[in-house]
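Peer 1: Here is how the chains run, residue by residue.
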Amino acid sequence: MRCERCEREATIHEVIIHQGKTRERHLCESCAREAGLSSDPHMPISKLLSSFMLGPTAGPQSPGKPRPHQPAKSVVRCAGCGTTYAAFKETGLLGCPACYEAFSERLSPLIERAHEGGCHHVGKFPRRALRDCRSLNDRDRLEVLLGSIRERQERLESLRKALAKAVRDEDYERAAALRDELGRMTDLMEGAETE
Amino acid sequence: MTEPDPKPKSHGAGDLPEPKQPPALSSGFERGVEWLRGAGDASDVVLSSRVRIARNLAGFPFMTTAERADRAQVLELCKRRLMNLALGEGRRMLWVDLHTATPDERDALVERQLISRNHAKGKLSTGAGGQDEPRGVAVILPEERISAMINEEDHLRLQSIRSGLALDECLADVDWLDDEIEKGLDFAFHPRFGYLTACPTNVGTGLRLSVMMHLPGLKMTGELEKASRAAHDMGLAIRGFHGEGSEANGEFYQVSNQTTLGKSDAMLLRELNDEIVPRLVGYERHARGRLLGDRRETTHDTVARALGTLRHARLLRAAEAMELLGLVRLGVVCGLLPEVNLDTVHGLLLAIQPAHLQRITGRVLTPAERRSARADLCRARLGLR
Ligand SMILES: [Zn+2]
Ligand SMILES: [Zn+2]
Numbered sequence: 001m002r003c004e005r006c007e008r009e010a011t012i013h014e015v016i017i018h019q020g021k022t023r024e025r026h027l028c029e030s031c032a033r034e035a036g037l038s039s040d041p042h043m044p045i046s047k048l049l050s051s052f053m054l055g056p057t058a059g060p061q062s063p064g065k066p067r068p069h070q071p072a073k074s075v076v077r078c079a080g081c082g083t084t085y086a087a088f089k090e091t092g093l094l095g096c097p098a099c100y101e102a103f104s105e106r107l108s109p110l111i112e113r114a115h116e117g118g119c120h121h122v123g124k125f126p127r128r129a130l131r132d133c134r135s136l137n138d139r140d141r142l143e144v145l146l147g148s149i150r151e152r153q154e155r156l157e158s159l160r161k162a163l164a165k166a167v168r169d170e171d172y173e174r175a176a177a178l179r180d181e182l183g184r185m186t187d188l189m190e191g192a193e194t195e
Numbered sequence: 001m002t003e004p005d006p007k008p009k010s011h012g013a014g015d016l017p018e019p020k021q022p023p024a025l026s027s028g029f030e031r032g033v034e035w036l037r038g039a040g041d042a043s044d045v046v047l048s049s050r051v052r053i054a055r056n057l058a059g060f061p062f063m064t065t066a067e068r069a070d071r072a073q074v075l076e077l078c079k080r081r082l083m084n085l086a087l088g089e090g091r092r093m094l095w096v097d098l099h100t101a102t103p104d105e106r107d108a109l110v111e112r113q114l115i116s117r118n119h120a121k122g123k124l125s126t127g128a129g130g131q132d133e134p135r136g137v138a139v140i141l142p143e144e145r146i147s148a149m150i151n152e153e154d155h156l157r158l159q160s161i162r163s164g165l166a167l168d169e170c171l172a173d174v175d176w177l178d179d180e181i182e183k184g185l186d187f188a189f190h191p192r193f194g195y196l197t198a199c200p201t202n203v204g205t206g207l208r209l210s211v212m213m214h215l216p217g218l219k220m221t222g223e224l225e226k227a228s229r230a231a232h233d234m235g236l237a238i239r240g241f242h243g244e245g246s247e248a249n250g251e252f253y254q255v256s257n258q259t260t261l262g263k264s265d266a267m268l269l270r271e272l273n274d275e276i277v278p279r280l281v282g283y284e285r286h287a288r289g290r291l292l293g294d295r296r297e298t299t300h301d302t303v304a305r306a307l308g309t310l311r312h313a314r315l316l317r318a319a320e321a322m323e324l325l326g327l328v329r330l331g332v333v334c335g336l337l338p339e340v341n342l343d344t345v346h347g348l349l350l351a352i353q354p355a356h357l358q359r360i361t362g363r364v365l366t367p368a369e370r371r372s373a374r375a376d377l378c379r380a381r382l383g384l385r
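Line by line, the protein sequences are chains A and B.
In this text, residue positions in the first sequence follow my numbering: the first is 1, and each later residue adds one.
In this text, residue positions in the second sequence follow my numbering: the first is 1, and each later residue adds one.
Hints are computed from structural coordinates only; laboratory data are not their basis.
Since we're looking at a predicted model, the values are computed, not measured.
Don't take each hint at face value.
Claimed, not checked - Quick look at which bits of chain A chain B covers, simulated, 3 or more residues with Cβ under 8 angstroms:
| id | segment |
| --- | --- |
| 1 | 102-111 |
| 2 | 136-147 |
| 3 | 164-171 |
| 4 | 175-181 |
Using N, Cα and C, we set each Cβ at its ideal position, and we do this for glycine too.
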């Protein structure tokens, strides 16, 4: 196979799946280098954290140097487990389920980045817990699982937008998957309201 | 409270005296595993498929901050739930308390891919913890396909592992186990973030789909770098035979998804099972086609020499044996070594690992003795009759 930019043999074959769209590129070594083809392996969370926290210009930390001490403006502690955000930065691990709420402001952009823009859970919900809430008509617990009515509507709206975009892009496989997901989520969310 | 085995297997000669507890691992673990059966879709390239989901119990801190009492309670709750599942005819649940298991038993479980290395050590990725941390693993027998790790990085890590490209079936397995456990326990769940996990990279579905691929064709044609670069750009991670942090030996690679939030289980499955893996399989088959075309004689020579070494070597390191077995496997699936049985090769991939080698020979071996025993085993199983 020929390089798509010049006449040399293509030795780098790249497949990019971005937002469900598949694109292939076939390049020779030199054109690939010019194109800045990423050869970065998957970033572990700790690296992601430090590059995100320090900003892209700070560069990698040299291991010998002590890490620059940044005085905390205000130390936020998770009420559930006492973990600080600094402790999370150190280990990449949270202390308890409540940490997600306690640090949600700083955590959300990080999570979005780690999941290629994903910020809302789609997919499975705890089945038995949902059934229980419905049969007991426990609205408070249902909100804990599904979010407020406004949040549920927002989520359906964002799925509808993603679906419309997939259709516009003529990515029919992704559109079909999103349509299934939207149907399922609508049942889930609205089943919650009617009961 | 390990479920009583209705008909305990008889022990081979030279076994240790009968332990008081029913033997957790002493029987059966010498035989092969289902995921190395060499069957299923695309099994010329895909060795096995694995699906893992992470769950945490609501009302308990994550392992990072949990006190010993919390951990013991989580372990007890999960164990009780797991040991009371209805498994169907002919199945039983094996339970292993890892904090009291021997290092050899833990290693065997790692080699069979039933627990992670960190779980064997009782350590978190941060290095915290140690061997006596209360933790366990439950395995559904006899298939040994579905298992649950308790108190790894998350309270529960449920997994299913099968031969060939079978991510959809693996997903159905863990989905079933997830529902069964959830019938009796509440999971930590957030309307926006989904299933909550200790590490934010697992949050959402908590789902990790992976396939173990054999890519010697891409390696030999010099295209592996490109394929793995492509895989990274597809948002996948590629690792060696035994997962995180291990070198790839014998050109076995584990490919898995990296994002878990914003895509449903079904969407993640479709991407990997229907798009990405078939594409990588296609690349590998294409490369093998080239090796069998104008480079047939060289290829035949390479795989035949590998077989020759395995048939005659007196000392073999694990990495070298893996490398040679990988080449022999290539020869067998390409029809260049008709005299070798694929099952034999797959059996050896597991049998040459240190803990299994000790189980097969029935004694504790020093590293030097292992090299010798490993070569003996390869000669015996692959030797000219
Ligand atoms: Zn070019
Ligand atoms: Zn917390």
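Peer 1: Taking a Cβ-to-Cβ distance below 8 angstroms as contact, does the segment 136-147 of chain A have at least three residues touching chain B?
Peer 2: holds (count 5)
Peer 1: Within the assertion that chain B covers the segment 164-171 of chain A, do at least three residues meet a Cβ-to-Cβ distance smaller than 8 angstroms?
Peer 2: Result for this restraint: violated, n = 0.
Peer 1: In terms of beta carbon proximity below 8 angstroms, does the segment 175-181 of chain A have 3 or more residues touching chain B?
Peer 2: With 4 residues in contact (Cβ-Cβ under 8 angstroms with chain B), the coverage given for the segment 175-181 of chain A holds.
Peer 1: Please count how many residues of the segment 102-111 of chain A have a CB within 8 angstroms of a CB from chain B and say whether that reaches 3.
Peer 2: holds (count 3)
Of the numbered hints listed earlier, the single one contradicted by the structure is hint 3.
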